[in-house]
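J.: Each chain, letter by letter, is given below.
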Amino acid sequence: MNFEFTEEQLMIQQAARDYAQRELILDVIERDTHSIYPEKHVKALAELGFMGMMVSPEYDGSGMDTISYVLAMEELSKVDASVSVIMSVNNSLVCYGIEHFGTEEQKQKFLRPLARGEKIGAFLLSEPEAGSDATSQKTTADDKGDYYLLNGTKNWITNGNTASTYLVIAQTHPEKGHKGINVLIVDRNSPGISVGPHEDKMGMRSSDTHSVMFTDVKVSKENRIGEDGFGFKFAMKTLEGGRIGIAAQALGLASGALERSIKYAQERKAFGKELAKHQSVAFKIAEMAIKVENSRNLCLKAAWLKDQGKPYGYASAMAKYYAAESAMWVTTEAVQIHGGYGYVKEYHVERLMREAKLTQIYEGTSEIQKIVISRDLLHLK
Amino acid sequence: MNIYVCISNVPDTTTRIKYKAGNQEVDYTGVQWIINPWDELALTRAIELKEANPGAIGKIITITVGKADTEPTIRKALAIGADEAIRIDAVPLDAYSTASNIAEALKQEEPGIILCGVESSDFNSWSVGGMLSEIMELPSVSAVSSLNFENNKPIVTREIDGGKQQISVPVPCVLIVQKGIAIVPRIPSMRGIMTARTKPLKVNTGVSVDPLIKVSDYQAPPQKSVCKMIDPEHLEQLADLLHTEARVI
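First to last, the sequence lines map onto chains A and B.
First residue of the first sequence? That's 1442 in my numbering, and the numbers climb one at a time after it.
First residue of the second sequence? That's 189 in my numbering, and the numbers climb one at a time after it.
Rather than coming from a laboratory, the hints here were simulated on the basis of the structure.
There's no promise every hint is true.
Derived Cβ-Cβ restraints for the label pairs, each shown as a range [to be verified]: (1) LYS1710(A) x GLU322(B): 50 to 60 Å; (2) VAL372(B) x ALA1730(A): 24 to 34 Å; (3) LYS390(B) x LEU1819(A): 56 to 66 Å; (4) PHE1446(A) x LYS390(B): 38 to 48 Å; (5) PRO388(B) x GLY1618(A): 34 to 44 Å; (6) PRO1638(A) x ILE355(B): 54 to 64 Å; (7) LYS390(B) x ASP1587(A): 53 to 63 Å; (8) THR386(B) x ASP1583(A): 50 to 60 Å; (9) GLU1480(A) x SER396(B): 55 to 65 Å; (10) GLY368(B) x HIS1475(A): 27 to 37 Å; (11) HIS1719(A) x ILE418(B): 27 to 37 Å; (12) GLU1480(A) x GLU322(B): 46 to 56 Å; (13) ALA256(B) x LEU1467(A): 34 to 44 Å; (14) ARG204(B) x ALA1727(A): 14 to 24 Å.
In silico DSS-like cross-links for lysine-lysine, where the CA-CA straight-line distance does not exceed 27 Å [as the list claims (entries may be wrong)]: (15) LYS1550(A) x LYS1704(A); (16) LYS1718(A) x LYS206(B); (17) LYS416(B) x LYS1718(A); (18) LYS416(B) x LYS1481(A); (19) LYS1710(A) x LYS416(B); (20) LYS390(B) x LYS1704(A); (21) LYS238(B) x LYS1484(A); (22) LYS1678(A) x LYS1662(A); (23) LYS1704(A) x LYS206(B); (24) LYS1714(A) x LYS416(B); (25) LYS1662(A) x LYS1714(A); (26) LYS238(B) x LYS367(B); (27) LYS412(B) x LYS1714(A); (28) LYS367(B) x LYS1481(A); (29) LYS1642(A) x LYS1798(A); (30) LYS1579(A) x LYS1662(A); (31) LYS1714(A) x LYS367(B); (32) LYS247(B) x LYS416(B).
For glycine and all other residues, C-beta sits at the position ideal for the given N, C-alpha and C.
Kindly produce the complete structure, drawing on both the sequences and the hints.
T.: What follows is the structure, encoded as structure tokens:
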């Protein structure tokens, strides 16, 4: 078993680290405080090829593997989880979904500009009354022959306002339950779409999160991905991979918090010696490091399985669950280690803690991950 | 016109330096290697100039003196945007042996501009660029903080005491560049990383050159001492310490 990374993977990790530590760090606090969208960073990351990292070069992507994606997501998330969630949604939900399940025409028309980062995508599944219970879709896509008529509301949509391309999950045949759900590629500028105000969130405040309302929006049948009724399976399959991105994001939050805690403990003194020489602090850091290492190993295992073409749903659920729970604990301890300084924005760790909370909730709550894992183990449907 | 950028392979700047063999050698165990920061800025500027003047500049070719273990660093330079790379298979024993090897390799090339970082972050000799230009008998400009093209000719800004000089330089030439030559080092794109392995990396045989410098031993600088606080009511203590301990007055 070889635990070493390739030269290319290390270069990608370093490129992401350099961008995060040189550029993202400069205005991350300001953007978080005032909920400013990171427009210039999204553009810069697109030019570097990060927005379509895993898409084949045939469709203008960078053709990188999932391990490289995990490494890049971790480095960016150490500094700015808002930027990394924008990247994650675009990469592992929207680009992945179209590349693996779309027709050639859909890939040529929609995937190319998304992979280049010229356009940003959004994934519209959650509704006001359907979060974890994704089968209870109330948004409808009525079959009108050669087009669908879309009506309903989606909420908590990352990139809701800045995306040009929406993947919308909606119910076409309610009598078939979840087998009557479809997924449609929708142009954000279609008549009948209105976007709600920017949500004032606890964390990841620099990414734009909105409700999106559809009123008699016409969507061509050519924009449906897969066969009639494929939408729920599409959502579940795509979220499996999306989980790896969010797991890597949680990993980055935890490892960023750990790095800052190590540095602070080596500098700050109490009772005549550095915090690092107090066993209570040193042991805390050891426990944080174990959780970070485990999170990383789970993320990389899930990524490796996906790259090998092997089933990875169980592994990605484990990675997402463990990394998110760890991130919440590690970032909270990081604030504790920093004491009063950990409570102010200037030292970054309070932001990491606020951001870690969301990783336990979105793209499948920790509870949902346990359902996925236990069903797999117990052979439950 | 081709631009040649001399790239030195140096330990990461956060490395904890250790010595071995009775402090006669540096212990490089576990060291992370990077492109010398000044050379990285030089390479960035070369790429910026090529993008801005595609007709005037042909290729950007990096040149490194080092063994095979320097190739990951060289490939990073290719990923950043160099077109080709040359590795001279030799150990860089000192600035003179490095400059001699680079000069020998450049005899087979047609350099327009040769860029050297002012110093390397490991040995800080500040010598390779100057020695290279003397060995090759080429014009050189030191302390270059900006490089531009006007009418397809290089114009440099050189930092001097009390001001700056603007100098028009004939090619071929050696430009010894310092901070300011580029503002932010270029980060390699995914495409650059993908194509780095396919770009030409030529290996030249090194020449045997006796170094001019022999290291007798290495010593770590003294640890920073504790800060001494002086009561502002007793400034004579400060004067006494500056005279007797610091010996600066």
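J.: Of all the hints numbered above, which does this structure not satisfy? Sort the numbers upward.
T.: Violated hints (numbers, rising): 4, 5, 15, 18, 20, 25, 31 and 32; every other hint is consistent with the structure.
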